[in-house]
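Residue numbers (the numbering used here), protein chains in the order written: chain B, 1 to 485; chain C, 1 to 83.
Hints were generated in silico from the structure; no laboratory data involved.
There could be a bad hint or two in this list.
[What the hints assert, rightly or not] The list that follows gives simulated cross-link-like pairs (lysine-lysine, DSBU-like), each with its CA atoms no further than 30 Å apart:
#, chain 1, residue 1, chain 2, residue 2
1, B, Lys-403, C, Lys-29
2, C, Lys-67, B, Lys-451
3, C, Lys-29, B, Lys-112
4, C, Lys-15, B, Lys-387
5, C, Lys-40, B, Lys-311
6, C, Lys-15, B, Lys-458
7, B, Lys-466, C, Lys-67
8, B, Lys-206, C, Lys-15
9, B, Lys-397, C, Lys-29
10, B, Lys-173, B, Lys-151
11, C, Lys-15, B, Lys-238
Each chain is listed here by its residues.
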Amino acid sequence: MRRFETDVQLIKYEVLKEVARYTLEGTLEKNFHKIPKKIDPGPRPRIRCCIHKERAITVERVKLAMGGDKDNKNEIEVINAACDECPINRFTITEACRGCLAHRCIESCPVKAIYQVGKRAYINPEKCIECGKCKSVCPFNAISDVMRPCKKACHVSALYIDEEKIAVIDNEKCVQCGSCVYQCPFGAIMDKSYIVDVIELLKKAKAKDELRVYAVIAPAISSQFTYVRIGQVVKGIKLLGFHDVVEAALGADMIAYNETLELAHRLKSSKVMTSSCCPAFVAYIQKHYPSLIDKVSDSVSPMVAVARLIKSMDENAKVVFIGPCTAKKAEAKESHAVGSVDYVITFEELCAMIDAMDIRLEDCEDALLDNASYYGRIFARTGGLAKAVEHVVEAEKLDIECKPISCDGLAECDKVLKLIKADRLKGNFVEGMACFGGCIGGAASLHHGPKDRNEVDKYGQLAIEKEVKDSLRVFDLDSLNLTRD
Amino acid sequence: MVVINVCIGSACHLKGAYNVLERLQQLIKDRDLEDQVTLKAAFCLGQCTQAVSVRINDDGVVAVSDKDVDEFFEESIIGRLSN
């Protein structure tokens, strides 16, 4: 049985499933307003003040599941009604304060924001700079740190709180990694869904023989549907109406090869190159380190690479990428990717589609999945790409010394980018992964767990092609454009 | 012009589609037939159970294993070209 990590994930899934079901029936326009009452039947609310507010929030979720605000270019949106106006004051003195003689908190405060009031310390929120020194010196552990989860989740400082205490996303800074979507405990931030477009496309393909829709699945899928076998998931995807299921890991093989040759070429005139697979990492450099943009590899991402390969083989192909990533939704709309990738949906949305069609994965026979090598498959976890590049350097006997640095999560990416800027980096190839753990830690993963990395490695070892070149040997890659221009 | 489509979808791949494709590439090159025969890879020709699926032009899908590629080439390709 499927288990959801939280009720936030569950409600999102319920909404997506209802939208998918009506789309399949062809009655979405007529019936979408019925969804809130179906999901929140009442009379008691799940957690909000009343059932009416709960339904009002579901109305907003339905809108996002149907594509969201078309005027907002960001794939991530805040549902204002769902934002619970969490406390803004980060550090507060709790009841555990004894009003002690030493009052190290007062002594340690660099801005004199703490005073003794009555028998307890008090932090003046107007003065507090949130340095946290008071918390670290208190012997009673009496100071609580309640940074808003959305702000804490955002490593690019793209999230601020307005006068109404509602979270606001600064589109100029946001890299659409989806970290806030996953972390908001009230489910007040959500990614836009293209589930309606994809279902309509599949319906059209069913009626028209010459249109074929291909599902490209991210290798992170190996850690997702843990209650069934991966072959059953592949079968389920085919039953949705996809012509074939192709591994994005094949694109990863293509890019591992391409990017390594590019690295060898670049190192002749430059000290360092970064990867370009992770769209949130690339966006982070574009928006926060624009001076380093020429250090980013020109290669397209594995998603775009495999989409181009499919379209070069079948001129009537449409490509839908299915992954754990919200930033991929934005990447697919970039000028270089338009025409290659038609739609991006997430594992959450896939799950909703499968259930909306009443496909029971447990009862599905196993379909096969094998397009890529071991190395392509381990791209799904931090360190995989670096390993693949090292492998290509060795296999192709390239005359370079590859010194890869893998950055796990945006905080680490930031440190490394600072070092590049200061010309103090002790490596020459940077693998940047915006999510902690790599793609398996993606915001739209159904499952985030410590064993996910092992699952990816196990899945990698099942590939019949062991090396990058093995899985590429039958393709004429020279005729394929693998750059982002 | 004869177009050979070889399925490289997962089922065919696991049954040796890459070997079939590589052998066909070699045979075409050895016989100098590049101008007359085009070899294409395709994802899923829809006959996953009888892999490796191969289709010549718009004909039906036939199964070719990596053991009988040479025989298939002689009969179906050379045979067709000499007609």
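To see whether the hints hold, each was checked on the structure:
no. : hint                    : result
1   : Lys-403/B <-> Lys-29/C  : violated (40 Å)
2   : Lys-67/C <-> Lys-451/B  : violated (41 Å)
3   : Lys-29/C <-> Lys-112/B  : violated (82 Å)
4   : Lys-15/C <-> Lys-387/B  : holds (28 Å)
5   : Lys-40/C <-> Lys-311/B  : holds (13 Å)
6   : Lys-15/C <-> Lys-458/B  : holds (21 Å)
7   : Lys-466/B <-> Lys-67/C  : holds (22 Å)
8   : Lys-206/B <-> Lys-15/C  : holds (28 Å)
9   : Lys-397/B <-> Lys-29/C  : holds (27 Å)
10  : Lys-173/B <-> Lys-151/B : holds (13 Å)
11  : Lys-15/C <-> Lys-238/B  : holds (20 Å)
This entry does not satisfy hints 1, 2 and 3, going by the numbered hints stated previously.
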